[in-house]
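With the hints as your guide, set chain B onto chain A.
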Amino acid sequence: MNQFDLAVSIHPYIHTPLSKGAIFLNRLLALAPLALLAIYHYGMMALGTILVTAFFVLLPTYISLKLKGRRLADIEHENYYYALLMALALPAGTSYPAVIIGALALNLLAFFPREANSVRIINPVALVSCFLAMAFNEKMYFFNGPRPFMSAAWFNPLPAESYSGGFLFNIHNEGGAGAGESVRKIIELLSAWHPCHYGELSITLCAAAFIFLVFKSSVDSAPLIGAAAGLGAAVTFNYYGGGAGVIISEFLSHAFASMFLFYSCFILTDYYSSPMRFSARVLYGFLYGVLFAFLSASFEGRDCANYSLAIASTCVPLIDNIFNSGGRRE
Amino acid sequence: MDFHGGLKLPLNHELTIDKPLILAKPPRRVCVLLSQHSGSPAVASVAKGDRVGLFDVIAKAIGAVSCDVHSPVSGVVEAVDEYAHPYYKYSQGIVISADPPGEETGSLSFNESQRFDIDEIVERAKKCSVIDTVSGNKPLHSKLSGLKPSLVHYFIVSFVQNEPYIHNMETISHNYMDEIISSISYLSDALSPAFVFLAIPYHMIKLITAVDNKLNKNRAEYKNFKIVRVTDKYPQANELILASSILKTKINPSKILQNHKCLILDASTMFHLYEALKFNKPQIDCHLTVSGYGITRPANVKARIGTYISDIVEQCGGFCGNVNSVIVDGLMSGYSQFTLDVPIIKPNRSITVIPTERLSSSGEEKCMRCKKCVDRCPMGLNPARLNFISRSSAHEKAVEEGIYSCIECGVCSYICPSRINIAHSIILSKKMILEANIRRRKMNESI
Chain A
1 MNQFDLAVSI HPYIHTPLSK GAIFLNRLLA LAPLALLAIY HYGMMALGTI LVTAFFVLLP
61 TYISLKLKGR RLADIEHENY YYALLMALAL PAGTSYPAVI IGALALNLLA FFPREANSVR
121 IINPVALVSC FLAMAFNEKM YFFNGPRPFM SAAWFNPLPA ESYSGGFLFN IHNEGGAGAG
181 ESVRKIIELL SAWHPCHYGE LSITLCAAAF IFLVFKSSVD SAPLIGAAAG LGAAVTFNYY
241 GGGAGVIISE FLSHAFASMF LFYSCFILTD YYSSPMRFSA RVLYGFLYGV LFAFLSASFE
301 GRDCANYSLA IASTCVPLID NIFNSGGRRE
Chain B
1 MDFHGGLKLP LNHELTIDKP LILAKPPRRV CVLLSQHSGS PAVASVAKGD RVGLFDVIAK
61 AIGAVSCDVH SPVSGVVEAV DEYAHPYYKY SQGIVISADP PGEETGSLSF NESQRFDIDE
121 IVERAKKCSV IDTVSGNKPL HSKLSGLKPS LVHYFIVSFV QNEPYIHNME TISHNYMDEI
181 ISSISYLSDA LSPAFVFLAI PYHMIKLITA VDNKLNKNRA EYKNFKIVRV TDKYPQANEL
241 ILASSILKTK INPSKILQNH KCLILDASTM FHLYEALKFN KPQIDCHLTV SGYGITRPAN
301 VKARIGTYIS DIVEQCGGFC GNVNSVIVDG LMSGYSQFTL DVPIIKPNRS ITVIPTERLS
361 SSGEEKCMRC KKCVDRCPMG LNPARLNFIS RSSAHEKAVE EGIYSCIECG VCSYICPSRI
421 NIAHSIILSK KMILEANIRR RKMNESI
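Here the protein sequences line up with chains A and B, keeping their order.
Just so we're aligned: 166 in this note's numbering is position 166 of the first sequence, and the numbers increase by one with no gaps anywhere.
Just so we're aligned: 127 in this note's numbering is position 127 of the second sequence, and the numbers increase by one with no gaps anywhere.
One or more hints might be untrue.
What the hints assert, rightly or not - Distance condition first, Cα-Cα at most 16 Å in a straight line; then the derived EDC-like pairs of lysine to aspartate or glutamate:
#1 LYS281/B / GLU112/B
#2 LYS366/B / ASP74/A
#3 LYS366/B / ASP320/A
#4 LYS126/B / ASP68/B
#5 LYS25/B / GLU103/B
Calculated directly from the structure, the hints in this document are not laboratory data.
Excised from the complex, chain A in its bound form (with noise of 0.2 Å):
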């Protein structure tokens, strides 16, 4: 019996079967739908934006692992994420000069200092988004041009459509009627699906991915419970004379003709950049909610999401020191 070779190791012996490689494989999963989705509607640009941002993402990573002489199919899947995260967030058609700085930048940011921490404050997504916002606004008509994912350009006519504005735009309109009238018009554009409208789709596919995401354990919804929270309270605090029906309409416009529900889903809740403890991700949503409401309605027109996360995440530092010892047992 005793010539068994043992093996001693430390308790515990068991782990969960949730691997760091397995959560970003989940959320590569529930991305890749959403990129279908870009490439099917804006065709062309979107592929053109998403490859070269995966490439010049990726690219960096490939020479260090060559370096090191390792394989191609040493790069973990978080990089795959990252990538293809930042493609999404960027419009379709930007021009590939800005799409290979942002990735580059991206580089900078989110993979080479993860061996310290305190560095890696400000959503590395977000910070690009801005950065590129700020220095190519105008050639890229970035907070009006076409996205892979959800923009303002929403509430435009979209070709082949048999009905105008599409129903963000239809229920934006009708914040102005009674309360009464514009819940039953939202009732009444919310029951008509129309299969090829992209933001219903959008809205759709991302509230599926997120779900998809919470189901598989790979998402922490702590950031979006607070991130809606904050948009409901701000949007109540600015229209709070105009009636119910206006605050709904305000908050599903600003919530769903927006890039709000994509930064909430995906990257409010990345998870080098969020607060560590539950309530301290909670005010860091519910932060972001209000600073989107608010810097959307002093930048009429603009897509804040990008702008309202980066603020955000620079107080983290702040928020975890004040929730630091918060639930602790002494």
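Positioned in the frame of chain A, the structure of chain B alone reads:
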């Protein structure tokens, strides 16, 4: 009853839950280790060649937190030396060559009394060397000594066990229900607590029904007894977590009794206390769940202390498949053994044999700050940060971050997707801080 954090683990009880409790074969040779409990180990009072009877004291307690060690067999002392220990690698032990079955010497005396005062209970617990397995395997008498009726308001008896493959508490409870309830009753009569809570997890449905029926038969006698259903989450069995989830308050670990007037014991301890009170029987047995997919015939085994793991494994049909890990006391907080020539000791609960392919063995990756460890830590700590601090040897910072509050349950290491051994870093750091403090104290004393 629930608590913040924790994990719902797969219990894998199907291998042994319906199997009867069997007696281990009488060992031909036992090795009784002198570190049977936490605190000071006992000192051998026999030498090579001495003849010892069953239940004879073979090692004497030294210090307040210590107790005698009794012989689990009658026979002749072969050697007194250092032997492999299931927890500490090596410890002093006494090897006894056992008499053949039927030729054992040693007897028990039955006590007909139905009431015991607290001093008598403490005395019996001390004499019979009963170990309290719920609070770090301390001798029971050290926990009960000094107690008076006015000092205990809540008396909690834990039936909780949430680790995979282990259910020895459930086995003991089903087999010795009357004894356990009687023992609780004796202690309750001695201490007169306002409430006696029997904490049973939701998954032990049969046990809940059995205890409920038992209590209902004599409601007048058990009027202050109350069954409390607790969550199935790990580490609910921990004394601190159990107390705080039942009393719904934050508990100071070192002052559960003083501040909250709460005494916590478990069903296994209560059974051994019953044997001590009624039969004057020293604690020489332990009840083990021998399980895992690497063992041919998983079983619930009652074995004498000092029995080698190899003997128990052999009785259970030996290994099946490719096995390279034998773990004592659970996959979450147990100890993997480097040899099968390890004798079992009083606090042991299980022997788990896992085939190589079922053990996770991937290496550590970089932390991705997913905060799963923070969300799951039952003590509300920030294990990721503690791990970072511990690895950079910033011990003072670690103390500031509450490293001493860590109960070493291993939840953080289990849940970590990057497979970082957070619990290990924390345990190591605690040890280093302790050693540094001892060094500093010695230096101050010398100055």
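Outcome of the hint check:
{"no.": "1", "hint": "LYS281/B / GLU112/B", "verdict": "14 Å, holds"}
{"no.": "2", "hint": "LYS366/B / ASP74/A", "verdict": "15 Å, holds"}
{"no.": "3", "hint": "LYS366/B / ASP320/A", "verdict": "21 Å, violated"}
{"no.": "4", "hint": "LYS126/B / ASP68/B", "verdict": "8 Å, holds"}
{"no.": "5", "hint": "LYS25/B / GLU103/B", "verdict": "15 Å, holds"}
Hint 3 from the list above is the single one not met by this structure.
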